[in-house]
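Heads up: the sequence shown at position 157 corresponds to 238 in the numbering used here, and the numbers run straight through without jumps.
You can take every hint at face value.
With a straight-line cut-off of 30 Å between C-alpha atoms, the simulated BS3-like cross-links for lysine-lysine are:
id, residue 1, residue 2
1, 87, 210
2, 210, 234
3, 250, 210
4, 250, 234
5, 233, 106
6, 233, 250
7, 106, 250
8, 234, 150
9, 267, 150
10, 150, 210
Since the hints were made in silico from the structure, they are not lab data.
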Amino acid sequence: MGEVTKGGSLDRREVVNTLLAGRDKVLVVTGLGSASYDVMAAGDHDNNYYLWAAMGSAVMVGLGLAAAKPDYSVLVITGDGEALMGFGALATVALRQPANLTIAVLDNGHFGETGMQESHAGRGICLDKVAASCGFSWTSEIRDMAGVEDLKKRVSTRDGVKLATIKIKAENMPRVLPPRDGAYIKNRFRAALGFAPI
Numbered sequence: 082m083g084e085v086t087k088g089g090s091l092d093r094r095e096v097v098n099t100l101l102a103g104r105d106k107v108l109v110v111t112g113l114g115s116a117s118y119d120v121m122a123a124g125d126h127d128n129n130y131y132l133w134a135a136m137g138s139a140v141m142v143g144l145g146l147a148a149a150k151p152d153y154s155v156l157v158i159t160g161d162g163e164a165l166m167g168f169g170a171l172a173t174v175a176l177r178q179p180a181n182l183t184i185a186v187l188d189n190g191h192f193g194e195t196g197m198q199e200s201h202a203g204r205g206i207c208l209d210k211v212a213a214s215c216g217f218s219w220t221s222e223i224r225d226m227a228g229v230e231d232l233k234k235r236v237s238t239r240d241g242v243k244l245a246t247i248k249i250k251a252e253n254m255p256r257v258l259p260p261r262d263g264a265y266i267k268n269r270f271r272a273a274l275g276f277a278p279i
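Take the sequences, apply the hints, and build the full model.
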């Protein structure tokens with residue numbers, strides 16, 4: 082596998098703030114835990130769909146939204162541990178090829194929510210390479226803010242499904258908790274898309 086590097090040097094909050102600045106109508110799905118805290122820290126938004134207690138589901142929720150709302154750009158922001166729990170989702174996304182879906186994996190090489198144990202990514206599994214081998218239209222490993230800026234521009238394009246592994250520092254940031262009421266999050270999100278609450 083070559084040299085194994087755990088995470089990187091990027092600040093996760095700066096990365097997420099950059100991705101979401103001036104986001105317009107982008108629909109954002111968060112993986113549970115730190116990714117949700119990062120997105121909330123960047124500013125709560127009606128178009129944020131925060132996942133709680135659904136580890137491994139962020140990519141599939143993003144796929145469903147991308148299929149249901151093809152006129153919107155959908156951005157999944159998740160961590161390497163959460164993405165690894167739903168590993169097979171990458172193959173399903175590749176087969177469906179939603180041109181409006183982008184997956185940003187915040188990769189610190191650890192399972193941050195359960196005690197910072199080393200993750201598979203920390204041992205050399207490269208999610209961007211897995212996505213490329215599955216047939217994603219564009220993949221990248223990002224180690225600097227120029228790469229984050231490039232990813233941000235790609236979010237609104239319709240040139241195929243995209244995934245970037247963003248190498249961040251392995252650190253626990255202060256928690257900025259989004260709303261925990263699932264019905265409230267769902268109904269607020271539906272209302273932002275013009276649907277009645279259910």
